[in-house]
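Use the sequences and the hints to build the structure in full.
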Amino acid sequence: MKKTLPEVVAEILIHNGAVIEETDDGCLEFLATETLADKLNLPDYGKLRFGYNDSSGDAISATYDSELFKAIAGLLKGKGEFSVASFESSCPDTEKLLKNLNDTIALNNATFRMEKSETRKISYLLCYFKYTAISDEKREGIAQVLINELNLSAVPFEDALPELEAVGEGSAGIERHDLKRVFRSSYSAGVEMVKESLKDFVRSLERRLNRDIRRVHEYYETLKNEARIAIEKKAASAKDRAAREEEIDRQLKKKMNAIETECKWKVQDLKTKYSLNIRIEPLSIIRIETRSPVLWINIKRRLAARPFPVTYNPLIKRLDDLPCELCFNPKKPYFICDDKLHIICSACFKTCPDCGKQYCGACHTNGCPKCDKNKS
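Just remember that the numbering used here sits 5 ahead of the position in the sequence shown, which is counted from 1.
FYI, nobody ran anything at the bench for these hints, they're computed from the structure. Watch out, some of these pointers could steer you wrong.
To be verified - Restraint ranges, calculated between C-beta atoms of paired labels, are given here:
no., residue 1, residue 2, range
1, Thr370, Val24, 52 to 62 Å
2, Gly83, Leu184, 16 to 26 Å
3, Ser71, Thr370, 23 to 33 Å
4, Thr277, Thr124, 32 to 42 Å
5, Cys376, Lys126, 29 to 39 Å
6, Ile139, Glu39, 38 to 48 Å
To be verified - The list that follows gives simulated cross-link-like pairs (lysine-lysine, DSS-like), each with its CA atoms no further than 30 Å apart:
no., residue 1, residue 2
7, Lys276, Lys336
8, Lys229, Lys200
9, Lys345, Lys355
10, Lys305, Lys278
11, Lys84, Lys44
Quick reminder that beta carbons are idealized off the backbone N, C-alpha and C, glycines included.
Here is the structure:
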């Protein structure tokens with residue numbers, strides 16, 4: 006359950022030694038220690054208000070954009086950035102999971118077979134990212150990415166956090182990828198998930214951009230017509246018809262070029278105005294350890310094969326999807342590349358616009374290998 010701002014502020018202040026009491030008007034009365042008062046630049050005793058239009062006497066503003074809120078954030082700096090917890094899960098029947106396996110593993114150019122199943126300890130990272138999307142408007146929010154440290158399957162985590170138990174340093178011996186690789190994968194997934202969450206915002210930007218570009222073109226077409234009429238009227242007094250037409254053509258060409266150049270500048274200004282810049286930054290990470298069924302499959306592409314663990318996710322109560330080993334935010338179906346048997350989603354198994362060859366974006370980050378060889 007999400008907590009209100011007064012509830013969060015009250016918990017933080019109490020944790021730092023303050024005494025808090027809620028008043029009937031929605032404010033918080035506080036009695037702070039000398040140390041806390043110095044850190045937050047507060048009196049020892051006072052009242053906090055949380056409404057923007059609240060006129061609660063001498064109450065101190067504690068809204069999101071207040072100086073006090075920034076100071077409270079400073080109390081948390083460096084704390085809670087990485088923690089480890091355990092989740093007590095109830096493992097489902099493996100036979101039921103096997104029935105859903107074909108739907109989870111939609112391979113377009115390869116086959117797989119089940120090798121073995123086991124129940125073991127695995128771990129997830131729940132990564133919190135703050136995103137900022139800037140165009141002619143600004144949008145901010147928090148993105149939560151849950152990523153499996155064993156197979157790098159990532160999903161947006163929008164559910165309420167289940168009951169977790171802090172475990173200090175965590176358990177040794179759990180098989181997982183290197184933490185840096187897991188974090189990079191979650192960051193990549195987070196960027197794509199934020200883009201998807203902003204689809205309505207992006208569509209709104211595109212509508213306004215197209216509307217404004219249309220208006221610019223209409224305006225400059227009007228200027229062209231007015232310039233054409235003015236030039237023809239000015240040249241009408243010339244007696245030599247051939248000279249008159251030549252002068253009209255010369256002036257029209259010069260004027261039209263100037264108008265079209267200015268129109269292009271205006272359109273480019275609009276594209277810059279409505280371009281979307283998305284920035285995300287990590288806030289905190291929780292490593293969640295749990296027991297779960299692991300289904301080991303063997304993926305086969307032509308004569309090559311690779312083992313891969315498919316896991317049941319007790320936090321979202323379903324099988325984890327296969328990861329896309331490029332974007333980590335896959336769009337089914339999946340493809341298996343020939344070179345290194347990467348699992349690649351349909352959006353990342355790219356078709357070269359020049360030669361039509363499909364290639365793996367994880368193997369060839371610089372583009373089509375066939376065209377690249379031809380260039381060299």
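Non-conforming hints, listed in increasing numerical order
Violated hints (numbers, rising): 3, 4, 5, 8, 10; every other hint is consistent with the structure.
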